[in-house]
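Novice: Each chain, written out:
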Amino acid sequence: MNTASSQNVTADEQAFIAERSIVCEDFAEHEIRRQAGQLSRAEYLIVGLLLVATYVLTLTLQ
Amino acid sequence: MDYAIEAERGRAPLPPSKRLWGFWEYTWANAALAIATWGFLIGGSLALVVDVRHGLLAIILGNVLGVLLVGLAVSISAGKYGTEQYTFMRSIFGHNGSRLIYIVAMILLTVGWLVVLGIMFGRSIDSAISVVARRDPEPSGWHIYLITLVAIAITAFIVAKGPTSIKAFNTIVAPALFLVMGLMIYIFLRDSSVAEILALPALGKPFDSNSVNFMIAVEINIAAGFSWWPYLGNLSRITKNERVAFWPNLIGIGGAASLGEAVGLIGAIKFGSADPTQWMAQVGGVWLSVIVLIFVAFANVTSMANILYTAVVGMRQMFDAILKKLSWECLVTGFCIVPAVVLFAIPGLYDGFLVFLVWTAALYSALTGIMIVDYFVLRRSHVALKDLFVEGKASRYYFTGGFNVAALFAVLVGGALFTITFNPLTFEHTGYFRYTTASLLAAAAAGIVYWIASRLFILPRGLGGYTSITTTSTAAE
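Protein chains in written order, with this note's numbering: chain A, 1 to 62; chain G, 1 to 477.
Misleading hints may appear alongside valid ones.
[To be verified] Chain A stretches covered by chain G per the calculated footprint, using a threshold of three residues with CB under 8 Å from any CB of chain G:
| hint | region |
| --- | --- |
| 1 | 27-33 |
| 2 | 51-57 |
[Stated by the list, open to error] Computed list of chain G residues with no C-beta within reach of chain A, every gap over 12 Å:
| hint | residue |
| --- | --- |
| 3 | Trp-24 |
| 4 | Ile-185 |
| 5 | Glu-196 |
| 6 | Arg-455 |
These are calculated hints, taken from the structure and not from any lab test. The structure presented is a predicted model; accordingly, all values stated were derived computationally and were not measured. C-beta atoms are modelled at their ideal positions from N, C-alpha and C, and glycine is treated no differently.
Just chain A, with the same shape it has in the complex (with noise of 0.2 Å):
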């Protein structure tokens, strides 16, 4: 019974294990291409701009 019980486990960490990688590997494939959602060149340029802009306001206003 335990026997039987440990195998379906191990039977299923396998199968887990096997569709991880599966997910996994087709991240890998598409990853190259631009994906949805995915933050553009400006909105990184906007970030920076924010960064360096409360900043520089930190400097000026003490």
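Dock chain G against the given chain A, drawing on the hints supplied.
Specialist: The following block gives chain G in isolation, referenced to the frame of chain A:
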């Protein structure tokens, strides 16, 4: 074994189709995490350093800097790959290095926060009871310990049900808390104009120089922003994509924390206490005060639920070989025993709240700088997902014995520079502190040291899978 549940609990990447949170759901989750009594206490601490006008400026500037940098470090990669934060960090620190960081950054500090927030819950409930019973609050009474244990138990119950119950709890409590904050601001403005509130003076002035006092206030707020580092990644991974993982941080965390701190700052100067659970009883009337106090109490539980969830997800993944046979519910319950013990073992933890907060920034600022450099500069936003889950030398992220020595060295340099620059206990600081702050300097220094050490010692030895990125990029060109 259900893949989606296992992935949700950290053992695998969450594919975008299985992720729960859209833009506003993540915003509410962030707001629920940020709106808690700690926001009031941080605001109240600012009152000891700067006046209301400068305090409000410091709150906005510090939070924008801290939250944006932490978001860049942990949220974008989490939104892209859907991996658990500490699993992802194997690409930076190695498998064992990531475990080491988890133990220091997550277990010790999360336990501390759970205790502090639990006590905050206890004090809010005590204040509500004192309003109804018409007695003075007893914030140090024995019953606070009992109520804190109840708060930890409620949190464990919510988290044991998984992120779906956290989402439901967040969606109800967070908007209600915004209303409560609005009510508090209305109370401030009931007998004072905006100009009068902005003109309220500081309660103290630690240094003669107003510039230095202002920068200390900014530093405290940057530290508050950096303090989200251990939690944001594991919340961001539940969002649908990079954009949803990043921008809500600014609205949810930055906005909500700023609002709470502003209430704490003004309350401290106007009513003599940063904690609304103390002054609401005096100015709000009996039943209004009770309702507000109960909401404030549960605000702490939403924060506790979010940080406990991220801590347990991380723990399960970091120590999978040992913990994989334990159920999620057992892990949650087991983790909660630790803060329950610490509550009695370290009774002074609550009073050292601010010092605790700023010390954590010494670590998180260095980690933030390193993660930004690794992901955006060295790896060009590309990580081999499969290797994050491979243990031992077979993984390209094995580095040396499972540790990336360059990253660990950079953490030490950043942390050391922070402590040299600014002492959170005494506020003593170096001359350049007013231009660099301690957190931003530590983040920049750790990032630069990490980049140099990686270029000199890690990349030439072919460690960490950086060579394949260079090869791939060259081939693509």
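Novice: Now, for every hint given, state plainly whether the structure supports it.
Specialist: Hint check results:
{"no.": "1", "hint": "27-33", "in the structure": "holds (count 4)"}
{"no.": "2", "hint": "51-57", "in the structure": "holds (count 4)"}
{"no.": "3", "hint": "Trp-24", "in the structure": "holds, 15 Å"}
{"no.": "4", "hint": "Ile-185", "in the structure": "holds, 23 Å"}
{"no.": "5", "hint": "Glu-196", "in the structure": "holds, 21 Å"}
{"no.": "6", "hint": "Arg-455", "in the structure": "holds, 23 Å"}
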